[in-house]
Each structure stands twice: as structure tokens, then as C-alpha cells.
Amino acid sequence: MEMFLYIALFAPLVGSLFAALFAASPKTLIAGVVPSLLLFISFIASSILLAYVLQTGGAIHVEMMTWMATGDLYIPFGFVVDQVSVTMMMVVTLVSTVVHVYSIGYMDHDKGFNRFFAWLSAFVFSMMILVMSDNFAGLFIGWEGVGLCSWGLIGFWYHKESATWAANEAFIMNRIADLGMLIGIFLVYWNTGTLQYEQAFAVMPSLDTEILTWMGIFLFIGAMGKSAQFPLHTWLADAMEGPTPVSALIHAATMVTAGVYLVVRANPLYDLIPDVGLFIASLGAFVAMFAASMALVNRDMKRIIAYSTLSQLGYMFVAAGLGAYWVALFHLMAHAFFKALLFLGAGNVMHAMHDELDPFKMGGLSKVMKGTFVMMTLASVALAGLFPLAGFFSKDLILEVGFVQHHYIIYSVLLFTAGLTAFYSFRLVALIFHGEERYKLFGIHPHEAYKFMLIAMSPLLLLAIVAGAMKMTYFEMVTAVLPATEYHIHSEITYWIMTIGTQLFVIAAIAFAYKKYALSKVDVPDGSSDMEKSFIYKLLYNQYYIPRFYENYFVKPYREMSHAFWKEMDILLVDATVDGIAKFIYNTGENTRDMQSGNLSTMLKWMVAGTVALLSLAVVFALAVRYLGV
Amino acid sequence: MEIGLNHYLVLSTILFAIGLIGVMRRKNLLLLFFATEILLNSVNIAFAAISHYYGDLTGQMFAFFVIAIAASEVAVGLGLLIVWHKRHGNIDLETMTSMRG
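Residue numbers (the working numbering), protein chains in the order written: chain Y, 1 to 630; chain A, 1001 to 1101.
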């Protein structure tokens, strides 16, 4: 079994290196095909591991080699495949295989085709390290690795100013959060003396609650950065500058869920500090609604989906914070499928519309893009949480968790957000696929994507539909390592009222979206309507003015401070000192080169002068030694 | 008046000073050689005098060494001087500046 573990882990690396060989040359199809095949192999290996874990119920633990061993510190390159990590491995390898194959079509005409696959496979490799590592140090390596690859892929079209800006924003925000995470890891090491999950978690119950609270907080700061939770959320929407497959893989299905994975993985720690857990849940509920509200009015297709991702991550944190780790992981998995599908569908639409992102300029695309239309609609149904698609099972479960644990505020926030989710998802679908064909005004001739791209997407579609049915198998599997709390509402009637009520609420939201954007006449907004002039619209459209706030109160002062330091400190002090030393030596040389006139008489005079000087020094020293006894 | 060690040493110092001034002031290569000879011989006088004063022959032996070395040095130096004269028609130090830095 160890062999399959290594295959699953290293196949993406091989693929990445292979594609990197061709990185500087123009498009070579093989640079896309080979990494995709290797990823498929990795997927197969992960499936075999899944089957093994399901059958035996045990975990596979390997120690590849020693990494650091100094004094008491011992950190190996160790990997563990247990019920949690194998779930993540399946999600990662499946979605990335789909995205790789899809990208062969999507990046067809791109100059950086080969480079793209090198980065993408490198990302998968880092993500695998992140989820498979058996200690915090390995997790951190994967954590930084995915951050780096995300930077490279957001800024993939580096000739675009906005893309490089977004890449840097994402990278810098994540560094801020990673500092918190590093402090958390140091705290763990300091207090438990080890970074291995098992041993560290075994020691934790005997530690002070205060210390544990700090650990939990700092680790969660790291998770907040990676999973783009408030207030570090702005990078995720800007990250949509990258190619759409990247958004599907990294900024929807895998990397952004790493924060949730961390909290799930550290469940023994968070179980000991329920206050921090409650904070996580409250923040999650807040982000869920906050992000969904921004998605209501946005006019950028990809940003709408990005906000929806943010909102769903909020849901996952609610579950994780309330101790329902398996629910969080389940929603993570279901979400990965339908959100990646939604993004890939958006990619098809973008291609068809020649990179137009404003859904108000589309409309009526269902006639020309049947396949994409069906897929995106079903993905949106799953996202909205209608029976019997994946979202119904996973999202309703989170609502139930909130209800059963008597957190009624969180519950109602999430319920309300479910309605918002349904509305903005179908607003998008209605604007893109239904109504008048507004794109004709802009002279665009849309066309459906390559057939193989649609076929590549179909596994995701299938899973988005059936993932809910796997709930019980999944539950039995992961509860071997996660707390097996079942969330049942005691009264049968309450349960049915809640479920049906939620469904009706969601359906009403969908119907409202259709009525407003599909059946009535939609104009391309030009800022003249009453709605667009209202305060709330402006507030939401400008993302609560948070990016502007950051720009004015963090970025600008920082830039001015840097400028001041550069002008005052660096140039006047540091540079002046260093340059001064160099100038002194240079001038000495310049002034004394006259000595080297080549004239023998002059040189002899200098020689005599030197001899006299040395002699007098010798005399002075001799006298000093004799009379002062130095 | 008895002539003692001090007299010799004073003579030696005077000769050394003359030689040193000659080395610094002379512009003619031949006269520069003369000045170095004066320097060397002033030292020889000091060697011989001190050797006699201590009754130790080592200093006088050393003086002979110096004379021998000085002779060979002058032999080589004069050879070079003649070659230079043949080439350039003068032995003026001011013109020998090919080592200018």
C-alpha cells in the first residue's frame, strides 16, 4: 500500500517537472497530456487507498525520511493516509484531473500552455503534501507551496497589471495569516515538544486552557488567510484574474478549503476550547451572509462565484466551529464538486463570449450552449441546496447542526443566506442563459466549448448530483477518526417543517430570481436606475468599501512610510554610510596615485621618507616600552 | 686627542647623510651609483669600528661581504647603464618614467 501512497503523492510532481521542461517553448500538446495522465494515475492510486481504508478501517502511516533531527527536535517527512486525508486526496486528485483535462482545451490558444501545466501540477503536489503530512511542519510546507503556486497562477498572465497586482495581494495577505499560523505551530512545539499530530494531540488535554486557546487562535488565523475569511477575504475575489480552471481548482475546490481542513485535522485541539470554536462558527456565519450579500449585485460572473465560494467556506467553518467536523468535511467535498463544475461552466461561457464577464451583456445562451447550460443549472441547483442534489444533504446538515446545538442566531443567519445563495446563483443562470440575446448588441458570436471539455466536466456533474447519497458511507468512514456526533432533530414534525420550509424558501428565491432576470426585460445597467442609486446597492457593489478602506488606511500609509524610510533612512543614513566608506577609499587612491609617477628620484624620496617614518615609529615605541612599560 | 669609537660613528653618520641626500637629489644615474656607494661604505666604516671596539671579527667580515656585494651590484648596474645610454643617448633619471602608474 505504501507504493500507492508514493505514487499518489509524487505523480503530480513528475508531471509538473515534465511540463516545466517545455516551459519556455511554445505550445506542445504533450506537456498538457502527460501531467493529466499522471494525475489520473494519482487519482487511481488514491482510489485504491480509499478502498483499502474503507475495507480495513485503518490508516497507512509511512516515514519517508528524516528531515530535521537536532537535540530534542525530530521532524520526519512522514505521511499518513487516514479517513480524513484520503477524503481530501480523492477530492484533490479528482477535481484536478478534471481541471487538467479541461485546461487542455481551455488553454488551447494560450502562449503559456506548457508553463500553465507546470504550475498546475506543482500546485496539486503541494496540496497533496498539505493533506497527507503527518505533522505540522509538513503541513506548513504544503501550505506555503500551494500559496506559491496560487501566486504563480493568479499572475499567470503577468503582462496584465491587474493580474500581477492580484497575485501579489493574494500572496501578501496569505503571508500575514501565515505568520499567525507559524506562531501557532511554535506554540504547539513549545508546549507539547513535538509536531507530530498524534503525539501533540495526545499531550494537549493536560495543558492549560489559556495556552490551548492561544494555539487555537493562532492556527485559525492561518486558516483565515488561506480560506479567505473576514477580514482577510479581499484577495479571493481579486484572484479571479487568473485563468478560469485555476479559479475552479485552487480558489473553489482545494486550496481555499485548506483552512477548513486544518481545523478538522486539529479537532482534538478545538474540542478542548469550545469558546474559540464558537468564535469560528460565528465568524463563519457572518462571512456566509456577508459574502452572499456582495454576490447579489456584482456584475462580474467569476466574482459572483468567488463570493459564493467565500460564503460556502463560511458554512464549513460554522460546522467545524460547532464541533461537527465530519459535516464540515462533507460539505467541503460536495462543495468542491459543484463549485468546480460551476467555475468550469463559467469558463466555457467566458470563452464563448470572448472573455466578457458581465452577465448583463449575455442572455439567451441556452440555445447555443446546451451542455454548459445544463451543467451550470444543475451545479446551481446543487449549490442552492435543492433535493436531491449534493448541496441539499451537506448544507441542510449544517443548518441542523446549528439548530440542534441551540445556536438559533447562527441558524437563522445561515437559513437567510441559503435564500440569498439561491437568488444570486439563479440570477447568474438567468442572466447568462435566459431572456433576450443581449450579446447580439455587442456583436459576439458565441459557440459551445470543445466536446472533450464537456466530457471532462461530466464526472463532476455526476458527483454533484449523487454525492448526497454517499452520506452514510462517508459518515461511517470518517467517524473512525472524527467525533461521531449525529445531529438529529428530536421532534419529527420540527424536522419536516424545517426541511420543507427551507426548500420552499430556496425555491421562492429561485423563482424570484427567474422572474426578475429571465422573464422580465433586462437592460444592461448604466447607473441610471433607482436601484443603482440606492445606498445599499452602492455599498454592496463596492464590497462594503472594504477594499477601498484597505487601500486608504493600510496600503497608502504603508507606501508613504516605505517612501519616507527610503528617502530618510536608506538614502541619508544607510547608503550614505556605505558610500562614504567606499568614497573615502576611492579618494585616497585617487589622491595618492601621483606617487606612482615612475620617476626614480621621486620614488627614492618616498622611500627615504618611509624609512624615516618607520624608524621614528620604532624609536617612539622603544622609548614608550622603556619609560612607560606598556 | 684619542680617536675613539664615537668619532668613527659620527663620520659614518655624516657619510650616510651625504649618501642619502645624494640618492634623493641626483638626476644622473652614474652619480646615483656613487651616492649608493657612499651609503654602503658609511655602513662599512661603522661595521669595522664597532667590530674593533668589541674585539669581534664578525663585523669586519661583514664589511667585506658588503664590499663584494656592492662591487657586483655596480658591475650589473653599470652594464645596464651602458645599454640605456646606447639606446637613448642619455642617463637622465627624469626620462626614465616608463613605470608611471
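The set of hints was computed from the structure by calculation and includes no laboratory data.
All of these numbers come straight from a predicted model, not from anything done at the bench.
Incorrect hints may appear among the rest.
With the C-beta cut set under 8 Å, the calculated list includes, among others, these residues of chain A facing chain Y [what the hints assert, rightly or not]:
id, residue
1, Leu1020
2, His1088
3, Ile1091
4, Glu1094
5, Ser1098
Quick reminder that beta carbons are idealized off the backbone N, C-alpha and C, glycines included.
Discussion item. Tell me if the interface restraint on His1088 (chain A) is satisfied: Cβ within less than 8 Å of some Cβ in chain Y.
Written reply: Violated, about 14 Å.
Discussion item. Less than 8 Å between beta-carbons is the criterion; does Leu1020 (chain A) satisfy it with respect to chain Y?
Written reply: At 6 Å from the nearest chain Y Cβ, Leu1020 (chain A) passes the 8 Å test, so the hint holds.
Worksheet entry | Restraint satisfaction for Glu1094 (chain A) [CB to CB of chain Y, less than 8 Å] | holds, 7 Å
Worksheet item: Going by Cβ atoms only, is Ile1091 (chain A) closer than 8 Å to chain Y?
Response: violated, 11 Å
Item to complete: Mind checking the CB of Ser1098 (chain A) against every CB in chain Y and telling me if the closest is under 8 Å?
Response: This hint holds: Ser1098 (chain A) lies near chain Y, its Cβ roughly 6 Å from the closest one there, short of 8 Å.
Checked against the numbered hints given earlier, this structure breaks hints 2, 3; the rest are met.
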